[in-house]
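Chains as they are written, first to last, in our numbering: chain A, 3 to 220; chain B, 1330 to 1762.
Just so you know, these hints were derived from the structure itself, not from any lab. Predicted, not measured: the structure shown is a model, and the values here were computed from it. Worth double-checking, as some hints may not be accurate.
[Stated by the list, open to error] In the DSBU-like style, the derived pairs of lysine-lysine whose C-alpha atoms are separated by at most 35 angstroms in a straight line are:
(1) A/K67 to B/K1762
(2) B/K1762 to A/K163
(3) A/K98 to B/K1363
(4) A/K213 to A/K150
(5) A/K197 to B/K1762
(6) B/K1508 to A/K203
[Said to hold, decoys possible] Stretches of chain A that chain B covers, calculated by requiring three or more beta carbons in the stretch to come under 8 angstroms of a beta carbon on chain B:
(7) 15 to 21
(8) 100 to 109
(9) 112 to 126
Built from N, CA and C at the ideal position, the CB exists for glycine as well.
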Amino acid sequence: MKNLLHEYKAYYKVRASRFKNNPKYRHSYNAEQVVSEAMQNCSELSEFKEKLGDKNEKCAPALIKDKYLMRKTHYEEMEETVRLECVNKILTTVDKCLTALDVATHVTEIETQNGIDISMDEANRHFISEWDRIDKIEIYENAEVPSKYQHVIDERAAKAKEKLKESVNSLEENNDKWRPGWKHTPEIILEHRHKRLLPYKEAHIKEQLSKYRLLINR
Amino acid sequence: MPIDPMMIDAIFKPFSDMVNDCKAQNLTGEDFDKMCEMFDRMNELAQSHDDFNAFNGQIMQENIYMKFSDHYGRALASKAQAEQEEKGYDDNALLKQSVDALKNVVLELKNRSLKRMKKEARKDLDHILKQRPTAFDNSDEIQELCKNEAIIDAIQSVIDLGEQDGMTLPVFLRLQIEKGLDRAMEGVSLVRDGYVYLLGWSNAMKIHPYEIKINEEKIDTYDRLAKLSDFNFPQTDELDLEHEKIDYNYKPDINIWEEIKDRWEDLLYDLSHWSMAHTKVAPHIQPWAGAKNPHRYVKETMGICPGLFKQRERLLHKYFEITFLDIFNHPTFKWQVESQWIGYSQEFVEFLIEKVYPECLPNNKLSKNIVEEREVFYKEKREMNPEDHKPLERVKVYYDSKFGEGRHEAKYGQAERYERNAVPWNWDSFKYK
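Using the sequences plus the hints, can you model the full thing?
Here is the structure:
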């Protein structure tokens, strides 16, 4: 048992060293160090259970904290506000978890709900996928064509407008099943996380957005 | 009407297996009861919905899958804990338990997953199989891509370690960390191999320069983070985030690149299409030949196309300040030519620029001599890029380098080569660059 004690002391020391010198994992390193110290202070292996207490359970929330603090910095830089909501919620509540299993359940629960929030938020990118159709409407309405073909492009414009409305209705109908009462809010697209994906200047985005809102009556 | 059992059964199977597993182990208690409650609720929702999407939406709103898994985990954990407390501390038993668990993983990886995947991959379509007997057999690809061997070797090393004479649990656990075996078992190094593989693809495909840069940066990031670690493996979360950031940073550039390319491709198509409509053959070829009245449709194209073209040209300039002639010195154009993705031949593009573009004006028709020239391009098959097979050749070379000589052809057949009689592109001689 004497050897076993030394072997456990060596193991817990190495376990903590996985996070050594990496400031991004400081909570994990500290929590693992506390566990290791509990072991290093044992003169008999049988003392460990009492000295350990709940120290080992605290390693799981510590690792989650490190992980989500990294995500926090990452999402703040990206201005990913919806994803940040989930990160902040986890960071402020994870300490309340008593066991590693509680941590896993808690994090998954928040992540699952946030997954729906993200899907509902990003569903507003429908505007991006409809940009081309709005352009087509503009092209049909402004194209100079011989008068005998005017009706052809007028019909094309009318059809494109109809399709646009149908696509938005279908989007709302579908998302209502995931979040009852969900309504498309096109202006959300002006927030950085969405706007950055559009390969256009701000003025053009705003102009196109006004046309879109008028066409879909939202 | 309930949801089709064909769809539901596949989803419910793992859950019913877990319930049955718990029953077989005689598990009881609050967590087991709640787990069954969740399973009953899934069944109830499957019966009361007829729309699969609505069913999924409801499941997610009630968070049923997660709740089920949570109670399942707790039910198993409490059983294991009770057993452990009953037995007391036994180093040998704990070590054996750890090693046996790893042996099961190796068994699963070796005998089950790969075989199952290979079986799935052997889908047969008689017609194609007669021509290419191994077309739907993805075993070679799976063998190469599912590098279970690396993980199996790592796990086997851990098993060997655990079975050494005199081994104890703490030494076993410590050596796993010190030798990096815990990370190797996670398959972290395979992430790097994956990006090296993808880099090879992006160099073969040459879709755009960013894809190549992204994969190069991901490999560099892996190496940088691995160097920082005492055990020469990056931390998975840190690596994932760094990789996510690389994708995030390049996304806007990729979107601009693709938007500009798509827009000028449309403009060149308009010029080709409009000029073709003027020729005698137009009513006899697609898309006009398929119309109810091909001649009327040809006339409509001739009348409408210039107006649409001018609007598209205006939008390209409005959004990106690129005029028609600017297209040809834009990096996207050069890239498409040099990677041989461009659809049209150099001589045809020059013809469109010099002869068709100046006349593609609303209410205008193409001059007779240009129409004749256009028809000659069509008849002599000089419109299309004669080297447009090169991207596929690059892919073929890369594919065979990964999965074996001749594998691409065995799987996908020989690509059809069309007659193209134009002179190959020569960027140096292209006047509009």
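Exercise. For the pair we were handed, A/K197 and B/K1762, check the Cα-Cα distance against 35 angstroms.
Key: Within the cut-off at roughly 32 angstroms; holds.
Quiz item: Quick check: the stretch 100 to 109 of chain A, covered by chain B? Criterion 3+ residues, Cβ under 8 angstroms.
Solution: holds (count 3)
Quiz item: Are the Cα positions of A/K67 and B/K1762 separated by 35 angstroms at most?
Solution: 54 angstroms, violated
Quiz item: According to a criterion of three or more residues whose C-beta lies within less than 8 angstroms of a C-beta of chain B, is the stretch 112 to 126 of chain A covered?
Solution: It holds, with 4 qualifying residues against the three required.
Quiz item: If you draw a straight line from the CA of A/K213 to the CA of A/K150, is it 35 angstroms or shorter?
Solution: 28 angstroms, holds
Exercise. For the pair we were handed, B/K1762 and A/K163, check the Cα-Cα distance against 35 angstroms.
Key: 39 angstroms, violated
Practice problem: For the pair we were handed, A/K98 and B/K1363, check the Cα-Cα distance against 35 angstroms. | Solution: 23 angstroms, holds
Exercise. For the pair supplied as a hint, B/K1508 and A/K203, confirm whether the alpha-carbon distance does not exceed 35 angstroms.
Key: Violated, at about 52 angstroms.
Self-check item: chain B covers the stretch 15 to 21 of chain A, three or more CB atoms within 8 angstroms, holds or violated
Solution: Holds, because 4 residues of the stretch 15 to 21 of chain A bring their Cβ atoms closer than 8 angstroms to Cβ atoms of chain B.
This entry does not satisfy hints 1, 2 and 6, going by the numbered hints stated previously.
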